[in-house]
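For the record, the sequence lines run as chains A and B. Residue numbering for the first sequence follows this note's numbering, beginning at 1 and increasing consecutively. Residue numbering for the second sequence follows this note's numbering, beginning at 1 and increasing consecutively.
Keep in mind that a hint or two might mislead.
[As the list claims (entries may be wrong)] Some chain A residues close to chain B (C-beta under 10 angstroms, calculated; not the full set):
(1) P14
(2) T18
(3) E37
(4) M38
(5) L46
(6) L49
(7) Q212
(8) K215
(9) R218
(10) L220
(11) P221
(12) E222
(13) P223
[Unchecked claim] Stretch-level coverage of chain B by chain A, calculated; a stretch enters the list once three of its residues show a Cβ under 8 angstroms from a Cβ in chain A:
(14) 39-45
(15) 50-64
(16) 68-78
Worth flagging that the hints you see were computed from the coordinates, not collected in a lab. We put the beta carbon where it would ideally sit given N, CA and C, even for glycine.
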Amino acid sequence: MNCDEARLLVGAEPTATTPALEEHVQGCAACARFRAEMRTLDANILRALQHPPDVARAHAPRPAAWRQWALAASLLLATLAVLGVWVLRPSDTLAREVVAHVQAEPESWLATQELSAGGIDAALRRSGIELSLTSDKVTYAQSCWFRGHYVPHLVVQTARGPATVMILRHEKVRERRSFHEAGMSGVLVPADEGSIAVLGREGGRLDALAGQMQKEIRWLPEPH
Amino acid sequence: MSERLSAPDSREPIGRLFESLRPDLLRFAHWLARDRSLAEDIVQESLLRAWRSREALQDPRAARAWLLTIVRREHARLYERKRLELVSLDEVLETPAGPRLAEPDADVFALRHAIMRLPIEYREPLLLQVLGGFTTEEIARELSLSSTAVLTRLFRARNKLRVICGMTPAPDVPGSEGAR
């Protein structure tokens, strides 16, 4: 499979996996990044389509000029209000994007085979992170393109089922924040550099796992 | 009167099943037609057609996909019949839909508008895939296209939406858009 074929398949069906595609993205960073972006986009498309479009056919005659200005002004105000909410509550948006990212990689929850230390290191190294997990079993480790950076995306098997960990070096949060969305519970906690997101479908020891990560992560200089 | 007599009977299990799927059908029709009252007409007509042909539905588990294809065909019929009367998108987008305060995600809001603006040849396969859960091959059969043409349309639909979300558009892929 070449890059054109991989892009066509990923762009048409971002969650598609075939042996040929997997083999290609393993060796092609550009296509791997494209796939991660398309999966994030697809999760947003799904969210966008969840509700019918909020439009109604305009039966009324065209509004007078002053009405158009009033409409433009009210739309501007509404947009500013939305941006205000968005800017003032960045952790909400971050949490949603984390959930969307996890939803876009459903296979991550299914892995059961414990990864070797080398496999985990490969996912962490790209972000300049070392982790010495001593007690938990890591069954998924990828370096994912998220908000303009490669971030480690791990799945750790806990007593309450799998939990996802994303180490977000470039996303600062001021304080711990919990969230529930799309059947998942999660916490975002500050870290020495950036933040850590931990998500699970069964609840459980998310805070404990987040605390453990805070202690066990070693921040190295970021590779260029 | 005859229409009323042939309407789905919600006392029968199959009628209840059809009714339970009405919200899904309405959402699908609404995204296709971009107009709520048209979408309601399409769904009503589709449910009547489905009720009349209910013997053809062998497996109730396939009801959702079966009904969605009926809705799609009903929309296509209407689109052909009333081509010149269908909604002007400029008019639609001019109406004060406005961003929802409860939906503070700028990307999702922008995507909703962008999906509305997608030409029908891109919007239709995208809706069948994302809302309908149809495979590429099923979409190809439904739209009488080759699988490659469907893949190309889906790729181009998403590539247009990438730009809306601030991502660099991917280079276009060589591909056929032709019918089978």
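Hints versus structure:
no.: 1; hint: P14; result: holds (8 angstroms)
no.: 2; hint: T18; result: violated (12 angstroms)
no.: 3; hint: E37; result: holds (6 angstroms)
no.: 4; hint: M38; result: holds (7 angstroms)
no.: 5; hint: L46; result: holds (6 angstroms)
no.: 6; hint: L49; result: holds (6 angstroms)
no.: 7; hint: Q212; result: violated (31 angstroms)
no.: 8; hint: K215; result: violated (33 angstroms)
no.: 9; hint: R218; result: violated (32 angstroms)
no.: 10; hint: L220; result: violated (29 angstroms)
no.: 11; hint: P221; result: violated (28 angstroms)
no.: 12; hint: E222; result: violated (22 angstroms)
no.: 13; hint: P223; result: violated (23 angstroms)
no.: 14; hint: 39-45; result: violated (count 1)
no.: 15; hint: 50-64; result: violated (count 0)
no.: 16; hint: 68-78; result: violated (count 0)
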